[in-house]
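Given these sequences and hints, build the entire structure.
In order, the protein sequences belong to chains A and B.
Heads up: the first sequence at position 147 corresponds to 147 in the working numbering, and the numbers run straight through without jumps.
Heads up: the second sequence at position 180 corresponds to 180 in the working numbering, and the numbers run straight through without jumps.
FYI, nobody ran anything at the bench for these hints, they're computed from the structure.
From a predicted model like this one, the values you see are computed outputs, not experimental measurements.
Glycine included, each C-beta is placed from N, C-alpha and C at the ideal position.
No false leads were mixed into what you were given.
BS3-like mimics (lysine-lysine), calculated; alpha carbons at most 27 Å apart, straight line:
| id | chain 1 | residue 1 | chain 2 | residue 2 |
| --- | --- | --- | --- | --- |
| 1 | B | Lys109 | A | Lys136 |
| 2 | A | Lys134 | B | Lys77 |
| 3 | B | Lys74 | A | Lys134 |
| 4 | A | Lys105 | B | Lys77 |
| 5 | B | Lys7 | A | Lys221 |
| 6 | A | Lys206 | A | Lys221 |
| 7 | A | Lys61 | B | Lys71 |
| 8 | A | Lys136 | B | Lys88 |
| 9 | B | Lys71 | A | Lys134 |
| 10 | A | Lys136 | B | Lys77 |
| 11 | A | Lys105 | B | Lys74 |
| 12 | A | Lys52 | B | Lys77 |
| 13 | A | Lys61 | B | Lys74 |
| 14 | A | Lys105 | B | Lys71 |
| 15 | B | Lys71 | A | Lys52 |
| 16 | A | Lys105 | A | Lys134 |
| 17 | B | Lys88 | B | Lys109 |
| 18 | A | Lys136 | A | Lys105 |
| 19 | B | Lys4 | B | Lys168 |
| 20 | B | Lys74 | A | Lys52 |
| 21 | B | Lys7 | A | Lys206 |
| 22 | A | Lys206 | A | Lys176 |
| 23 | B | Lys188 | B | Lys168 |
| 24 | B | Lys188 | B | Lys7 |
| 25 | A | Lys61 | B | Lys77 |
| 26 | A | Lys61 | A | Lys105 |
| 27 | B | Lys88 | A | Lys105 |
| 28 | A | Lys105 | A | Lys52 |
Just some of the chain B residues that point at chain A, by a computed CB distance under 10 Å:
| id | residue |
| --- | --- |
| 29 | Ala17 |
| 30 | Leu23 |
| 31 | Ala24 |
| 32 | Met37 |
| 33 | Asp39 |
| 34 | Arg42 |
| 35 | Glu57 |
| 36 | Arg58 |
| 37 | Thr60 |
| 38 | Phe69 |
| 39 | Thr72 |
| 40 | Lys88 |
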Amino acid sequence: MNCMNLQIDQTTYRNASPSRVVSVIKDKRARPNDEYQSVTSENTNDGARWAKELDLVHRNKSTEAFERVFNHFAPKVKGFLMKSGTDNAMAEECVQEVMATVWHKAHLFDPSRASAATWIFTIARNKKIDALRKQKRPEPEELGWGPEHEPDQEDVVGLQQETERLGQAIANLPTKQRQLLERAYFSDMSHSEIAAATGLPLGTIKSRIRLALDRLRHAMK
Amino acid sequence: MMTKNIKHHLSDDLLMAYASGNLAEGFSIAVAAHVSMCDHCRSRLESYDALGGALLERDTNITVDQNAFSKTLKRIKMTPKVPQPKEKLHSDFPDPLSGYVGRRIAEIKWQPLGMGVKQAVLETSEDATARLLYIPAGAQMPDHSHRGLELTLVLDGAFADENDYFTKGDVEIADGSTNHTPIAMDGKPCICLAVTEAPLRFRKMFHRLIQPLMRI
Chain A
1 MNCMNLQIDQ TTYRNASPSR VVSVIKDKRA RPNDEYQSVT SENTNDGARW
51 AKELDLVHRN KSTEAFERVF NHFAPKVKGF LMKSGTDNAM AEECVQEVMA
101 TVWHKAHLFD PSRASAATWI FTIARNKKID ALRKQKRPEP EELGWGPEHE
151 PDQEDVVGLQ QETERLGQAI ANLPTKQRQL LERAYFSDMS HSEIAAATGL
201 PLGTIKSRIR LALDRLRHAM K
Chain B
1 MMTKNIKHHL SDDLLMAYAS GNLAEGFSIA VAAHVSMCDH CRSRLESYDA
51 LGGALLERDT NITVDQNAFS KTLKRIKMTP KVPQPKEKLH SDFPDPLSGY
101 VGRRIAEIKW QPLGMGVKQA VLETSEDATA RLLYIPAGAQ MPDHSHRGLE
151 LTLVLDGAFA DENDYFTKGD VEIADGSTNH TPIAMDGKPC ICLAVTEAPL
201 RFRKMFHRLI QPLMRI
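Rendered as structure tokens:
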């Protein structure tokens, strides 16, 4: 589990162990099925909710669960694409492709490694690179979990808690820092391009981003 | 292709740009190749993905076309089943690089640069140039500087400059302003992936193309 392992300095590098990687390797196969049958938003947090909905999409091919996922995430994906510079028609087109990929690849979603939002973000980001930048996306080698890998429930819960804390930490950032992070992620620009477009010196852009990341790290401790 | 003892890692800037999808293809190959070899940077990258997910979750003000869901269902029915991932074949290079240069060092089509140094330029988008370099033991790395960002990932062998020593999996990040003369070490050839930013002229043009879309 590692929502916020964003160290900068070299000393932290050496001491940091890939704890998430180690913890995920423990492959417990206990996963109570009945827990997955009913999904309500009242008795569970949001991260857990979407992980369960995606599980229903994968296991039961449930279009009802998929529609709930769609209603929640499709507008967000469209917002992301439009901030990257697509027009409305192209964004609509891409949203459909992204959400169709969510359906087809639901079996690859692993709630011990990423939140539903993070997983869908990576699909939307790859669509952006493909549709907008017209480039290929070289991906790192997959770690060999194997097709039978069942996520450890402890890791799933831990990741969901970290995800909530991260969401809260972002909400608590000063507005300017949060906006800059959003721009760095959602606009199709490098830091120097952001500097050129905003008229702020590159050093200011970089230090504001660093400050925002430091605050997030601090909040995740 | 995990590699131990990596000491020189990716910068936060590079990881964040890769996670957000704003990194030129050439640099992305080097990032993906390093992450394939380095669990530490893999976990840092997951954090930057998580940050993207958390920012996406905050986004609220947009609605989609009212037929979008039914159109998506139609699209799903029309898409053939996603193919199973292929069996992994042995490669001399990390997978993301094999996609560009093939799986065998021996089959690379090198272009000689003199003094035994050779290069092979990868086919990527034009906003960065990625090349494989082959430097015989004791020979000096060619100067490929454009005065922009330069990233060198060691794939085999090692090189050293006045201050530092870089071995398999290590990344050297330079901005082109530092004048250094790295040399292949350890009595064997050094093979690396070197990526440089496109000349400023091109980047300016790219920027002009996207700026009107940004409203910032």
